[in-house]
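Protein chains in written order, with the numbering used here: chain Z, 1 to 882; chain D, 1 to 306; chain X, 1 to 189.
Bear in mind the hints are in silico, worked out from the structure with no lab data behind them.
Do not take every clue at face value.
The list that follows gives simulated cross-link-like pairs (lysine-lysine, DSSO-like), each with its CA atoms no further than 30 Å apart [what the hints assert, rightly or not]: (1) Z:Lys655 with Z:Lys545; (2) X:Lys68 with Z:Lys572; (3) Z:Lys572 with X:Lys48; (4) X:Lys45 with Z:Lys572; (5) Z:Lys63 with Z:Lys572.
So you can see what is in the structure, the chains are spelled out below.
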Amino acid sequence: MAECHPVGFQWVMAAKARGAAVIHVDPRFTRTSALADVHVPIRVGTDIAFLGGIVNYVLTHEKYFREYVLAYTNASTIICENFKDTEDLDGVFSGLDPQARAYDFSNWRYEGGDVPAAAGEQDQEYEERVDHAEAQEVDHAEAQEAARPEVHGSGGAEALAEGARLQTDETLQHPRCVFQILKRHFARYTPETVEEICGIPRDTFLRVCELITENSGRDRTTSFAYAVGWTQHTVGAQYIRTASILQALLGNIGRPGGGILALRGHASIQGSTDIPTLYNLLPGYIPMPHAHQNEDLDAFVEAEGARKGYWGNMRAYVVSLLKAWWGDAATADNDFCFDYLPRLTGDHGTYQTAQAQVEGTCKGYFLLGENPAVGSANARLQRFGMANLDWLVVRDFSLIESATWWKDGPEIETGELRTEDIRTEVFFLPAAAHTEKSGSFTNTQRLLQWHRQAVEPRGDTRSDLWFAYYLGRLIRDKLSDPAHRARMGLDADGRGIERDRPVLDLTWDYPTEGGYDDPDAEAVLAEINGFDAHGHPLSGYTQLKDDGSTSCGCWIYCGVYADGVNQADRRKPYTEQDWVAAEWAWAWPLNRRILYNRASADPEGRPWSERKAYLEWDPERRKWVGPDVPDFDEHMPPDYEPHPDATGPEGLSGKDPFVMQSDGKAWLYAPVGLVDGPLPTHYEPQESPFTNPLYGQQRNPVRNMPKPGGDFFHPSDGEPGAEVFPYLATTYRLTEHHTAGGMSRWLPYLSELQPEFFCEVSPELARERGLEHLGWATIVSARSAIEARVLVTERMTPLDVQGRRVHQIGLPYHWGPNGYSTGDAANELLHIALDPNVHIQESKVLTCDIRPGRRPRGPALRELVNEYRRRAGITEETGRQM
Amino acid sequence: MTDPAAVSGYEDPPPRMGFFTDTSVCIGCKACEVACKEWNAVPEDGLLLTGMSYDNTGSLNASTWRHVAFIEQRKPLALQDPGVMHPDVDVLEMAPLGSSTPPEQALMTPTAPGQEGDLRWLMASDVCKHCTHAACLDVCPTGSLFRTEFGTVVVQEDICNGCGYCIPACPYGVIDQRKGDGRAWKCTLCYDRIGDGLEPACAKACPTDSIQYGPLDELRERAAGRVERLHEAGVTDARLYGHDPADGVGGAGAFFLLLDDPEVYGLPPDPIVTTRDLPSMWRHAAAAAAGLLGAAVLACLTGRRR
Amino acid sequence: MGIGDWVSSWPVYRQLTGADRTGRGAAARSARTERLRPRVADADKVVKSICPYCAVGCGQNVYVRDGKVTQVEGDPDSPISRGRLCPKGSATLQLTTGPNRLDTVLYRRPHGTEWEHLDLDTAMDMIADRVIAARLTGWEWEDDQGRPLRRTMGFASLGGATLDNEENYLFKKLFTALGAIQIENQARI
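Hey, can you work out the whole structure from these sequences and the hints?
Shown next, in the form of structure tokens:
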């Protein structure tokens, strides 16, 4: 955190000054470790074992917050008999189809009497949930493809079928209640196991357990902060799940000083997830529809929504979105243009897109402030993809590597590509900076903050708002022009107009301002916020209607333009407010600063303690009071009990803080929502020098593997050739640089602070491989080989794992061949095995070799890599087994 | 101690202002280095991977007015040389050697600590000390270096002629001539900013308040309290550096809380103003100058009237 | 400058006549020093902004004079950052006004070996044509099971984490209406 979010770290330092203990878990000793009370070096890729060990400690030593656990989690919920744990099945859960490499989630559902709980991956059960005459069996391949956990994670999974009754055991003794399943599942994550898997000495581990548990309960809370060190794994989502289980057991969610804080790395990466430039989502975490026969809006909502909780109103969110996009064209009669939305048939993520480019189906590519030629795993594959495009548009500040690979990329040097042979047309368009345009960023704590334009951009430089708007206008003009239609052959198949209606019907009129007639960003924000039937700005998503009388471009952002005022631009100094500072900017949803804040009070609505008071029920005024906005209607009393048939928010009781879940509870056990198991399980990374000591199952059985071609994997421990890549490597950022370098490597003031690509190795590894401080090293994987200057430092600690000493190599990934400070890109080395839930690559763990000296130039570079592949016996099949 | 501003001709000067750099909360982010360069338009001064941990700045110089040192060490600590532990090894010459050297013959890493105790990574942002007795100021023949009303020591770039006398005079090696320019440059304690009631750029940016700016008296008081608290917390290594008006420079206007001996951070343990004997010399020179001045003024005046 | 002023501006004169007998303080002040003012004091306006680097979201004050950004520093009002910035945030002035930034459109034609210049309007028109063509080429009405798709696989987009919400919104809206689904950003990388 000190490394990558230094200004945020001031609050950690402030807490430390008040007596907080800071624990830093990282394979490397970083600037954060330097200020922490405890640094815990860990073998990369083993955090589930580590966190699972703490869960086990909490359960066996009865350190959980019993009242919180009983009232606010699903600990007492009974799970169906079909569920079999990894303990029973040697590392896999019940329902695994080895052929399809996918789980049948119906095996994990809540016990629901005679009515089967509609649990599991909902698209998989689409046909079951939607009463279609021609319901057809979903084939295995589709089940694997249709992994769409976003529907549940944020989208309110339905854990229980309609009419079913939740079966619970408040004594937590039933063998199939979540609590008992949890105890059995984590029982083998003992301190000894943690030591054996993670390389963390027992004493260190127990100290961490004590610090965390002593600092949790009624009077104290512990928080976890993480970044991509937890997400970039083939089991990344399950890392976060393990932390969620731990924090729910300790009662650290929904309370001040608690939580699991994602420290995100880009100014608006949260915003670009909320208003997603992501293939599988519509604004506000509404899933993109998948391909189905005869699916209409009602069927979509029925399949994807939930009955209880705030996802119970999903139809209103979807209809309001469709109204925002297609305005008057969207009517009840035409299903509000629901069929204008394109349909998904699987994973269409960025790595699949790169492969589609190599295969030639994807012919055009926009890069908007993104540098995949350096910043994406297996960067070489990215460049081969771009080299097979018809056209590429790069919008950035400078000539990043993704704009110039055709001229001076690594494949030009190796002779694999020749500039003259590359047909890709490339447009570089200079992009405006934040000082040159107005707009909002959503920061890592869900705060929308407005930045105002200070100056006009120079020359051809334009904002992306300008670019999107005028590109849309040009396309619409061309599609409306009969001559153009004829010239382009748009009507050749006789369905041209049908194809183009969604574009032509789009609401695309925005007022413009300034010297370049920039669209007014506030007008766009107002559309995102939404309007009522009379064109007045809405003040919150509870006002949204499903009859077409409201419009809203992103339901969770509804209220950001309440009263016609740009709430994101509120700038009341923090010194003039209470500590929550609710009048600075605007947080989604509804300006709520701590999510699930109902949990800050006990079931009766009283604070758990004076010290940790936040929201409480005021019986006199019959409302919730405190410095924040409650998660639910502020007049809902703690003793409210819903009618069994009640739906939506009213379907949850006054004691249910987790209002986005269909049962209102924090899920210690996730009956739906994850495609790789209802509980986290330690699996070894895709590439590992160790065998999984817990189970016969080595890796996440349902991890996403790319199509063969362009990506090769190393043998892991126990497979022939594993010894060719004996070391672990991990990638990361430095304080002085930013991501793939587009905003830092071109700046002299930042470049001089970290002028070159380097690798960090321990003195022992340096001796073992003959590496010299400040000398050169070549790091080799089956994907490529790169060179780096060597920093020998004791901050890199070898670890003792399973009786062997393992070395880890540190690789900051900022560099590339262009810019003011240059170097090889660490991402050349990485493979693209992905987490199956969110399709993120495993950037944090790979095996490799390291050798002294610079890498070969020209064709010899590929010869070196091929030689390594031969020595390790690597084929297309290596590492792909389940 | 007399107020240096008061004896420098400022009637009723504002309180003496300075920096207290508390290295115990420094996270080594180098925001101070960048903020300083941005505000003062100090040029970039070279891309050099030094191998001295994460310190690629090296030292204070004409184009580096804030410098963050990084020291990797084991506690308890043996005697060390400032920053770099191997005085016989020129780390900057190690870079081009390549990797052909067998490891047993390879030079030691400058960051290799001893083997006892926990790993520790010290970080500290160094800066001009704005000495009470400032040798650079004493030797400046042009009046380019001057004492401000805040008690700080500043180079006036419109006066400096690049004679370079100030450079060896500084007991800390702070002030330096810029190549291609010739003039001497160093931290001004953002004289322009503080004159307008603003914080110096480095102190304003510092994420953890490791760099604190304010009236020196207040800072000294705060620093003493901080050391006390750290001692109570068991950080017995904590000590102040440059705070003492009785030290060899009469107390620094920019002082530090360190967690180890000053040498470890590359700071001289006992700096002494190099012009200690100058005052008596200066009085003689001043008398001579006054005589010359009289003649010069007369010459000018008569010349102009003509 | 009158002669009296000229003489009295001479440091040695001031040393001898003023209170600064050291000649190293008040008497040594140069003309530039006397005029010295922080450039933020001369700004025409101070514009409230947010740091463009990581997702902490530190407040920034952008100082503008004569239509140019002259300084960017932390906004002390922000409850998140309290006026502070990291080295990247502190480099915002260089990021936004430095020579690193290009301000002209560049074009590389198929099989071309060098960049060429292109005016912005032409570039926009060409890009619009290419989007329409790629969309058509990659169009899919339905899949092999006859399920409606109504989409194009012909073009893709990557980026958004550095963009404003409003920009992402327009891209998502436009590209989705065009039938594109391969719309991605850093959040999955």
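Holds or violated: lysine 68 (chain X) with lysine 572 (chain Z), Cα cutoff 30 Å?
holds (27 Å)
Does the alpha-carbon distance linking lysine 63 (chain Z) and lysine 572 (chain Z) stay inside the 30 Å limit?
Not OK: lysine 63 (chain Z) and lysine 572 (chain Z) at ~41 Å, beyond 30 Å, violated.
Is the hinted pair lysine 572 (chain Z) and lysine 48 (chain X) satisfied, with a Cα-Cα distance of at most 30 Å?
holds (12 Å)
Taken at face value, is the distance from the CA of lysine 545 (chain Z) to the CA of lysine 655 (chain Z) at most 30 Å?
The hint holds at about 26 Å.
Straight-line Cα separation of lysine 45 (chain X) and lysine 572 (chain Z) no greater than 30 Å?
holds (19 Å)
Hint 5 from the earlier list is the only one contradicted by this structure; the remaining hints agree with it.
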